[in-house]
Amino acid sequence: MLIALAGNPNTGKSSLFNAITGAHQHIGNWPGVTVEKKEGTITFEGKKITIVDLPGTYSLTAYSLEEVITRNFILEEEPDVVVDVIDATNLERNLYLLTELMELTDRIVIALNMFDEAKKKYKLDVKKMRELLGLPVIPTVAIKDKGIKDLLHACLHGYFKPKKLSYPEDVENRVEKLQRMMENLDLKNKRWHAIKLLENDSEVRKKFANLGRKDILHEAEHLRHEIEDIYGDDIETLIASFRYSFAHGLFHEVAEPLNVGGVTITDMIDHVVAHKIFGLPIFLVVMYLSFEFVFVVAAPFQDAIDLIFNGKTLASGQHINGLIDISYHWMASFMPNWASSFINYGMLRGLAAVLTFTPIIMFLFLILSILEDSGYLARVAFLMDKLMRKIGLEGRGIISLMLGFGCNVPAVMSTRALKNERERELSIALNPLIPCGARIQVFAFITAIFFKHNQALVMWSLILLSMGVVALLGYVYSKTIFKGKAEPFVMELPPYRVPSLKGIFIHMWEKSEGFLRKAGTIIVGAAGIIWLLAALPWGVQFGGENSYIGQIAHFLAPVGAPFGITPESIIALFFGFFAKEVVIDVFYVLYGTKEALFAAMTPLQAYSLLLFILFYTPCVATLATIYNETKSTKFVLFVILEGFALALFFSFLAYTIGSFLGVGG
Amino acid sequence: MKLSELMPGETGVVTKVAGTGAIHRRLLAMGILPGTVIRVARLSPFGDPIEYEIRGVFISLRKSEADYVEIDRIIPLHMVPAGEKVRVMILDGGVNFIRNMGSIGISPGKIIEILSPCCPMRVRTALGEHYVGKGEAYRIYVR
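Chains as they are written, first to last, in our numbering: chain L, 1 to 665; chain U, 666 to 808.
In short, the hints are calculated from the structure, not lab data. Some clues are possibly wrong.
Unchecked claim - Away from chain L, derived, C-beta distances all over 10 Å, residues of chain U:
| no. | residue |
| --- | --- |
| 1 | M666 |
| 2 | L671 |
| 3 | T676 |
| 4 | V678 |
| 5 | V682 |
| 6 | L698 |
| 7 | E730 |
| 8 | G758 |
| 9 | K775 |
| 10 | P782 |
| 11 | R808 |
As the list claims (entries may be wrong) - Restraint ranges, calculated between C-beta atoms of paired labels, are given here:
| no. | chain 1 | residue 1 | chain 2 | residue 2 | range |
| --- | --- | --- | --- | --- | --- |
| 12 | L | N29 | U | N765 | 51 to 57 Å |
| 13 | L | N259 | U | N765 | 40 to 46 Å |
| 14 | L | K631 | U | K667 | 39 to 45 Å |
| 15 | L | I27 | U | K667 | 21 to 27 Å |
| 16 | L | P162 | U | E735 | 50 to 56 Å |
| 17 | L | T656 | U | E735 | 55 to 61 Å |
| 18 | L | V263 | U | K667 | 23 to 29 Å |
| 19 | L | V126 | U | P746 | 37 to 43 Å |
| 20 | U | E735 | L | M268 | 38 to 44 Å |
| 21 | U | G686 | L | R191 | 43 to 49 Å |
| 22 | L | R191 | U | N765 | 52 to 58 Å |
| 23 | L | M268 | U | R764 | 31 to 37 Å |
Just so it is clear, CB atoms sit at the ideal spot from N, CA and C, and this is done for glycine as well.
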């Protein structure tokens, strides 16, 4: 048996899906698009039931991907039951989608979700609603697992005798006329097709053009004009009005508002949180606290993972073995040293790197779920929209950009919050240009050596430069390569709600597991390759002058010269590709002491190097995540090229101007 | 006038939803239709977007989107001071509510005079003097 969940956004559809399927769910994409598809299988009353969570939509037009996916699924896959998840606190608007769903299928079960909250707002007559609709109506409270069994029971044994919305006679006549013209066609649900043709729906029109039925298209257009003439408005407004008056009428039949004119808690909170003046500072504080929470709480977990795998080198130079060292010695006892080294110091170290990312990802998505599920994220979009629109993003885009300062990996993953595909891509293309925590660590290390007296100034110059570049590129990209047609940004500001723990943990698990499984493979592979480059030809010092990496660095030395970048720095940059903080370790290995490093470069060369590190390619983990989110090698290449172009441009500029002016030399 | 010209706290009734394509359809799907009552809840820090209350739901619209919506300014009855004479524009409720109000002379197009302010309000209609409760005054819109 196949059940599809449909409904408006913010109705608790995901919570209901979680409540029904529990942990038995599978997340993927709808074929050919990046819209998320969730599926789960359960056994209820001895029957195997597959549940598909359709994208949240307000209507079923041909204008958005989500809406087309939803209606095509219902039309073509013919689920046995469609559950329309309705936010009972917002009944009238939610009933609009129901009128559209009822034109697509007869087998609908209505889940009146958040029924507990709704009872405070209206007196609801569920029995009357059942009678008026001729469909099962089941009150549910998804986050408290209430009403789930009743809902499934209704799906299996419900009585479906829908009393459909009928349009005024002048419209119905014309729908029937079109239906009659379709008699010989092999089409499911002709009435729906006829209504959509009258509505001038582009997808359905295409369908009929492909069927070679121009006659029907012409007739539909003629009939549409007739209706518009009779009622004196455009067809879209008219059809929407007919549907809404059905929704409006039904709503007033079954719901009696309580407490009219009272101020809601949400309105009181928004009076402060979405305030014209206080809104922005509050947002900054919320972001700061979230940030602190994620990185401060995740840090000990990351350190512990690092310590367990990689051990620790004490200040005295003594090395305490980690799991990787122990495993290396053990394997070396029965296989060649190089093989053990490759497995342990190459691959296993890669795996350790992947694992150290997971605490950040888990805590970050914990916070993000709380922000989203509580309703605050929508307020961020409201507060920041005007500002972010200048760089081609909607308000929520600020979140992933800010997260970039912590770590680009979860920041790129967080772009899923942007519903618009073009904005998501733009946001991913900009994200690696924000210096992550690891790069900021490297900056702190280098500036402490070379710019003792104005370290803060140099650090800020780098961070402000990156923000300036993001703003400028965002502006330019949104007008050129990431240009898209204006999409409506009609957004609901849902009531504030206490998020459900279950939903948050499922979300956290999904994200971390997805990262480990998909990005993890790529990262471990890349770690292996870097190991090979640093260790071969066999017998050289690891990452030394004679290794392949050393040879490449030597070969590239003339290229680095105009930027003041030394061959040793090139080796460090190579390793930095694996993980940015490794740059510091490599400098220690190559130079031994900070003094030796200070002697090897002028401050100007150091600044040029800093600029290079700021922009050159994102680390392997970020690239793997970008690939994962876009499924496009071209996009990954674009991000690498973009980084190198900026790195070369700024280091060259700084080094040339600096040399010319004779500063820092 | 355009919806985007309405000030925070003010209320309007939609007369026309212009525009084409996705934006037009999205506005309609959110329930912004001729006859819908819409109130400006608040402005965002940069004055754009604007938060509106429609059918008990809060929605954020960009100015460029609110420009597509034509409205007439109306006032909820409870905000009208005593002594004013106003014309009833909209009764925002179901069939019973409209019937009940009609029975005391409050229906669209009728002129009523406010005798004492909200709430309960005393009003003079063509059918004599009547009391209007809070639950009703908040759902009657006048001009």
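Checklist entry - CB of U:G686 to CB of L:R191, is that within 43 to 49 Å? => result With Cβ atoms ~25 Å apart, the hint is violated.
Checklist entry - Per the hint of 39 to 45 Å, is the separation of the Cβ atoms of L:K631 and U:K667 within bounds? => result Roughly 43 Å apart at Cβ, these two residues keep to the hinted range, so it holds.
Next on the checklist: Looking only at beta-carbon atoms, does the pair U:E735, L:M268 fall within the given range of 38 to 44 Å?
Outcome noted: Hint violated: Cβ distance 32 Å, outside 38 to 44 Å.
Next on the checklist: Using Cβ atoms and 10 Å as the threshold, tell me whether U:R808 really stays out of contact range of chain L.
Outcome noted: holds, 20 Å
Checklist entry - Is the Cβ of U:L698 more than 10 Å away from each Cβ in chain L? => result The assertion about U:L698 is violated, with a minimum of 5 Å to chain L.
Item to check | Non-interface claim for U:V678, where every Cβ of chain L lies beyond 10 Å | outcome: Nearest chain L Cβ is 14 Å from U:V678, so the label holds.
Next on the checklist: Just to be sure I understand the hint, the distance between the Cβ atoms of L:N259 and U:N765 should be within 40 to 46 Å; is that true here?
Outcome noted: 19 Å Cβ-Cβ, so the 40 to 46 Å window is violated.
Item to check | Verdict for L:P162, U:E735 (Cβ pair) under range 50 to 56 Å | outcome: violated, 35 Å
Checklist entry - Does U:E730 sit more than 10 Å from chain L, CB to CB? => result At roughly 6 Å from the nearest Cβ of chain L, U:E730 sits no farther out than 10 Å, so the non-interface label is violated.
Item to check | Interface exclusion of U:V682 relative to chain L, criterion Cβ beyond 10 Å | outcome: violated, 6 Å
Checklist entry - In terms of Cβ atoms, is chain L entirely out of 10 Å range of U:T676? => result holds, 13 Å
Checklist entry - Do the Cβ positions of L:R191 and U:N765 conform to the proposed distance bound of 52 to 58 Å? => result For U:N765 against L:R191, whose Cβ atoms are near 37 Å apart, the range 52 to 58 Å is violated.
Hint compliance for this structure: hints 5, 6, 7, 8, 13, 15, 16, 20, 21 and 22 are not met, and every other hint is.
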